[in-house]
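*Asks:* Sequence:
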Amino acid sequence: MASPARSTHTDTESHDVVKSDSESKLELEHSDSDIQDEKSNAKLAEAPEAKPEENEELNDQGEKYISGWPLVFLLLAMVSTVFIVALSNTIISTAIPAITTAFNSTRDIGWYNSGEALAATAFQLPFGRAYLLMDLKWTFLVSLALYLIGSLICGVANSSALLIVGRSIAGVGNAGVFAGVFIIIARNVPLRKRALYAGLVGATFAIAAVLGPVLGGIFTDRISWRWCFYINLPIGAVAVAIIIFLLPSRPGEKAAEVKDLSWWQFFLKLNPFGSLLLLGSLTCFFLALQWGGGEYPWSAGRVVAVLVVFAVGFIGWLVLQYFQGDEATLPYSVAKQRTVGGASMYTLLLSAAFGLVIYYLPLWFQAVRSDSAEAAGLKQLGIVISLTLSSIAAGGAVVKIGYYYPFIYAGTILCSIGAGLLYTITLDTPQWDIIGYSIVFAIGIGVSLEQSNVAVQTVLPDAQIPAGTSLVLFVRLLGSAIPGPIGQSVLQTTLASKLGTEVAEQAYGGTGATEIRSKLDNIFGAGTPEARDALDAFNDSVTKIFMVAIIVSCLSALPLPFIELKSVKTAKRESEDAKEGKKRSRTAAETEDPEKGHDAEVAGKAV
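Mapping to UniProt numbering: the sequence shown position 537 is 537, numbers consecutive.
If you are wondering where the hints come from, they were derived from the structure by calculation, not from laboratory data.
Note that the Cβ used here is the ideal one computed from N, Cα and C, for glycine as well.
Worth double-checking, as some hints may not be accurate.
FRET-style restraints, in silico, Cβ to Cβ [said to hold, decoys possible]:
1) Phe562 to Pro70: 37 to 47 Å
2) Tyr409 to Ala241: 41 to 51 Å
3) Ser497 to Trp432: 30 to 40 Å
4) Leu565 to Arg302: 42 to 52 Å
Build the full structure now, drawing on both the sequences and the hints.
*Replies:* Right under this line is the structure:
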């Protein structure tokens, strides 16, 4: 029995020696591993500080950002397309009197603007979806081509109906261009520079929007109102050439999902039925605004019918969006966010108020003061300058202090005051007073309207920013489409109540706005008290439109509590820190995993 015990004791000692040697080796291995880990961690900690620019070379899709002269020329092309798109929204305001005179189509005034705005609104969200599924470059070029074709049709139109058709085609392209500019900038410009270029685009939009009436007046008086549309063609052609040669083809973020789909399946991915449902419901809404109180009383059967169809269609579209989830043109996860909802409603209301002033103030100058289209446009320069400067100043202030909220509040207050002052104008109000009133209103728009988009981009994660931005653009276009029919309805209803339906029809129906004063003189006699009373009735009709602008501006205060108070500086730092944290974790995992695997292998062998 002694021999086995001695043998067992010897084996145990031998095993302990082997184990001791193994543990020593393992400790040495671990020591070396710890040293390597410390070196790796040191390199990892130093890397971002040594080369900070390397983290911004690629976007989230692994594509290189554009820089240098190609970026300069591409930004020039983007800004040019924004300029002509924004220009078309207001350049027609001072040309409308000449157009109505050429076609004897005063009743169609509301549709000259709303035709494009309606199409742009209805196709805004579908184009946002298209940019997710298709190549960004060619989707943008198709949009721009549609816009230019529509402009050409407007320029050569020989009837009011053809002009409205051209405006509608241009509106479809408008939607794709407007959304595409922001999406292309986000895809090709680093985050730290994005706000600067977005501000440049916003300033361009504001300049074009208020410069439009001036150019429209010059073209109408000195060349032809048709050049209000021809002007888009050479500018658009240059932009097309730059984009073709300098903008790289880059697939949408979800292009891989539709790569192997049939044409029909791909078509369904664009949600065409939802788009048609939205277009049909909005068309019924604008028909009701166009007919109600003007051609027909609000209680008329056809007016009630189109309102019912609008309500049913729009509710159906909302239900469809809810059940389609992330496949919807308007994802429910984005729409339900409180700031998105509040900012969208705010944008809708202020855009409508802005449209009411910018469209009908030139009409007042031409009809009441007998100004030419050019003179009426030049009186809009106060709006041009004040809106541009206030927009740039507000953008710089937000970058400096980090908060957009004070400017949103200021917009509501200043727009309400400015519209209230415009409501007080009479036949004898000095023109400089009227220009001053419009400047107050313009400053309110300048400091606030772009901030709603800033608010949405501040609170949403990066993946939802395109959808949130598209929604804000959607309601902005919807707001710009509403003033035409609403103003037309208010104007016709008020004139009929003050002058009587027959006289109002003689003075206003079937004639151009430039001829309204001469028509009244012919009916009542030039210089007679009756003619002045009739002109005063027209003044009251236009100021009633400004009363609507007061109401809408005041209502913009209601969604303010839903807009979250956040700092763009804090949100930006948190976003960058989160992104940097993910990069560090990923790099650390790639560095540490092989060592951990080696340690496990050594430990396994030791056991």
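*Asks:* Please go over all the hints and tell whether each is borne out by the structure.
*Replies:* To see whether the hints hold, each was checked on the structure:
The given range of 37 to 47 Å is respected by Phe562 and Pro70, whose C-beta atoms sit roughly 41 Å from each other. The hint said 41 to 51 Å for the Cβ distance between Tyr409 and Ala241, and at roughly 44 Å that hint holds. Range check, Ser497 to Trp432: Cβ separation about 31 Å, and the 30 to 40 Å hint holds. Taking the beta carbon of each, Leu565 and Arg302 are about 47 Å apart, inside 42 to 52 Å as hinted.
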